Amino acid sequence: MKSKRSMLFKTQGWMVAFVLLLSACGGGAPATEVPPAEQTGSLTVLEWAGYDAEDFWVDFKNTYPKVTVNFEIGASDADIFNKMKAGDQADIFHPYSGWLQFYVDEGLVEEIDTSKLANWDKVPDSYKKLGQINGKQYFIPWDIGFSSILYRTDKIPEGVDSWAVLTDPKYKGHISMWDDGPGAVTVSAYIHGYDETNITADQLAAIKDEWITQRNVNLFYWSGEPELQEGIRSGDIWAAYAWQGSYAVLLGEGLPVAYANPKEGRNSWVGFYGIRKGTPNMNLALKFLNEKLAEATGTNVVNEFYYGDVNQDVMKSVTDPMLIDIFGLKDPDILEKTNFTPNLTAEQRDAWTAMWAEVKAAP
Amino acid sequence: MGEGWRGGRGLDQRATFWFIYLPPLIWLGIFFALPVLLMAAFSFRPDMRGDFLQLWTPTLDQYASVASTISYLRLLKDSIIIALGIGVATVVLAYPLAYFLALRAGSRAGFYLVLLLVPFWTSYLLRVMAWKILLGTEGVINSLLIYLNVIHEPLTALLYNRAAVILTLIYVWIPFAALPILAALQRIDPILFEAAADLGARPLRQFTRITLPLSLPGVFAAFFMVFIPTVGEYVTPLLVGGSRGFLYGNIIQDFFTKASNWPLGSALSMIMLATTMILVLLATRLIDLRQLFE
Numbered sequence: 000m001k002s003k004r005s006m007l008f009k010t011q012g013w014m015v016a017f018v019l020l021l022s023a024c025g026g027g028a029p030a031t032e033v034p035p036a037e038q039t040g041s042l043t044v045l046e047w048a049g050y051d052a053e054d055f056w057v058d059f060k061n062t063y064p065k066v067t068v069n070f071e072i073g074a075s076d077a078d079i080f081n082k083m084k085a086g087d088q089a090d091i092f093h094p095y096s097g098w099l100q101f102y103v104d105e106g107l108v109e110e111i112d113t114s115k116l117a118n119w120d121k122v123p124d125s126y127k128k129l130g131q132i133n134g135k136q137y138f139i140p141w142d143i144g145f146s147s148i149l150y151r152t153d154k155i156p157e158g159v160d161s162w163a164v165l166t167d168p169k170y171k172g173h174i175s176m177w178d179d180g181p182g183a184v185t186v187s188a189y190i191h192g193y194d195e196t197n198i199t200a201d202q203l204a205a206i207k208d209e210w211i212t213q214r215n216v217n218l219f220y221w222s223g224e225p226e227l228q229e230g231i232r233s234g235d236i237w238a239a240y241a242w243q244g245s246y247a248v249l250l251g252e253g254l255p256v257a258y259a260n261p262k263e264g265r266n267s268w269v270g271f272y273g274i275r276k277g278t279p280n281m282n283l284a285l286k287f288l289n290e291k292l293a294e295a296t297g298t299n300v301v302n303e304f305y306y307g308d309v310n311q312d313v314m315k316s317v318t319d320p321m322l323i324d325i326f327g328l329k330d331p332d333i334l335e336k337t338n339f340t341p342n343l344t345a346e347q348r349d350a351w352t353a354m355w356a357e358v359k360a361a362p
Numbered sequence: 000m001g002e003g004w005r006g007g008r009g010l011d012q013r014a015t016f017w018f019i020y021l022p023p024l025i026w027l028g029i030f031f032a033l034p035v036l037l038m039a040a041f042s043f044r045p046d047m048r049g050d051f052l053q054l055w056t057p058t059l060d061q062y063a064s065v066a067s068t069i070s071y072l073r074l075l076k077d078s079i080i081i082a083l084g085i086g087v088a089t090v091v092l093a094y095p096l097a098y099f100l101a102l103r104a105g106s107r108a109g110f111y112l113v114l115l116l117v118p119f120w121t122s123y124l125l126r127v128m129a130w131k132i133l134l135g136t137e138g139v140i141n142s143l144l145i146y147l148n149v150i151h152e153p154l155t156a157l158l159y160n161r162a163a164v165i166l167t168l169i170y171v172w173i174p175f176a177a178l179p180i181l182a183a184l185q186r187i188d189p190i191l192f193e194a195a196a197d198l199g200a201r202p203l204r205q206f207t208r209i210t211l212p213l214s215l216p217g218v219f220a221a222f223f224m225v226f227i228p229t230v231g232e233y234v235t236p237l238l239v240g241g242s243r244g245f246l247y248g249n250i251i252q253d254f255f256t257k258a259s260n261w262p263l264g265s266a267l268s269m270i271m272l273a274t275t276m277i278l279v280l281l282a283t284r285l286i287d288l289r290q291l292f293e
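Chains A and B are the protein sequences, given in the same order.
Numbering that gives the first Met the number 0 numbers the first residue of the first sequence as 0 and each following residue consecutively.
Numbering that gives the first Met the number 0 numbers the first residue of the second sequence as 0 and each following residue consecutively.
Isolated chain A (complex conformation) (with noise of 0.2 Å):
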């Protein structure tokens, strides 16, 4: 951990030195770039509930101990959306898969200067493409994980091998599907083989029918995770659309858990982080993103959450057996065998989300 601190320091000491060579070429006014010890400030993060942990900015945290980070909490992508839109004044926010062009269709999110992020280099092309919009960087992908079913192992113990047990009748009453249209459309995409990016009328009316069935079988409908690892703790779901955060705080209190491979494959989402357009506080908000991608910020994640890193050299470290199995690292296919989540057009939000409306609004 020691010589990690001070490799990062080393590193934050060539930055500075770089920077400072930079401006002077630059030939503006000499500059004079506090030591990051003594930079003050303060920032506010859109984030959401649990990242707020000093744990998840720790990085940042021991370099700039003298700058303030104020978070403000966002329930869902929807949330963290609508706040932006209405004018939050959040320097950085977290949005996930799917969310990205909303951002930069409705000119909330500054292009990133990726050469000012010393932490870059360690994040591969693929994902850094994901950031991408119209060609630009806005976003730095940050957490990746994985969807896929939850179940209990004790009460369905031949297994989960599809997607398709989320609505399978001899599971009545202990499903519970996560409260999201898109979710479901991508859910039944993978079932029926539907091309994701492409969803005709017919197959939005068959995914609605298939749903209003599902009900059935559903037993409630989670929107936060505590509210799902309480219904599975409970043994009233057995089996449950779930993100592998929700397997990894049940398997780690001992519960008969496991998160299960499916043949249609597994959906993938990756975290990214957008500056907000305008802010002030650019600097700062590079700092804090070049430190979120830093090693130790990006261990607990791994360690905590059970979600993955775009930092290689954090997953590269991992040894534990049941990360490495959660993460397919073995796999070399494992992202082939992936599906991860497209970006979601306004038309499509739209209709997505007004399907599921109708799914509970169905008698």
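Some hints here could point you the wrong way.
Quick list of in silico lysine-lysine cross-link-like pairs, DSS-like style, CA-CA up to 25 Å [claimed, not checked]:
no.: 1; chain 1: A; residue 1: Lys154; chain 2: A; residue 2: Lys262
no.: 2; chain 1: A; residue 1: Lys127; chain 2: A; residue 2: Lys115
no.: 3; chain 1: B; residue 1: Lys131; chain 2: A; residue 2: Lys154
no.: 4; chain 1: A; residue 1: Lys171; chain 2: B; residue 2: Lys131
no.: 5; chain 1: A; residue 1: Lys128; chain 2: A; residue 2: Lys329
no.: 6; chain 1: A; residue 1: Lys276; chain 2: A; residue 2: Lys82
Treat the hints as calculated values from the structure; they're not laboratory data.
Since we're looking at a predicted model, the values are computed, not measured.
Start from chain A and add chain B according to the hints.
Using the frame of chain A, we list chain B on its own:
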């Protein structure tokens, strides 16, 4: 002197009027009337693209989309019927409580009133969560029944359905509903009971001829206090309603939050607002509240 004094008093009255009425008027104007107007305006917006406060060409698209979706309208109808039922059940259950507090509790009325209000000291969410603990498969009721050997498998029908939503809402509303009934009962002059007794009216007749009619304004106030917010209720269905317990308010909430589709959410809200207002107006026509309050 006399005139000047009167003039001063007039000014004073006007000042008092503004002092008393202006703050709540401003408050309601900014935080109630303005948002409702904004929502009305949003309901004529074609979509969410562009700035929040920009000019847009009004369109009836959102209303057309609601009108063509039978399930939304059917859910509104169901929600109104459920709210009616909850309103009636709550008033019927709250009445005896209010009656006891007003006419039977005597010097202990204050103490009992505090007891009635104790639930309000904890958060609404906590109280609804407590119902989950009561009704869940490993909950109090199931555990007790299994312990008593009445059942062997936990009953799953207790939670995550519309019945659970109705049960929980009635429980939540009873103390609220008791208050206006209590106020109405306290306003009844006790001399009326003495007079009735002197004229030979038995207790039941006293109740049906004096107590009940005179307390009706409180009863109707209580009913509307329960009915109106229940039509748009969405928290309780989320917590205990399961996949089939949703009410119309949940659909509105979804469009405002998950779907980021405020125009459609606004149209759904305006339709609910209009329907509720029409129903209340109809009810007041039928019952003639003014006569009751005189």
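Outcome of the hint check:
1. A:Lys154 to A:Lys262: 21 Å, holds
2. A:Lys127 to A:Lys115: Cα-Cα ~15 Å, so holds.
3. B:Lys131 to A:Lys154: Within the cut-off at roughly 22 Å; holds.
4. A:Lys171 to B:Lys131: 20 Å, holds
5. A:Lys128 to A:Lys329: 23 Å, holds
6. A:Lys276 to A:Lys82: Satisfied, since the Cα-Cα distance of roughly 14 Å is no more than 25 Å.
When each numbered hint is compared with the structure, no violation occurs for any of them.
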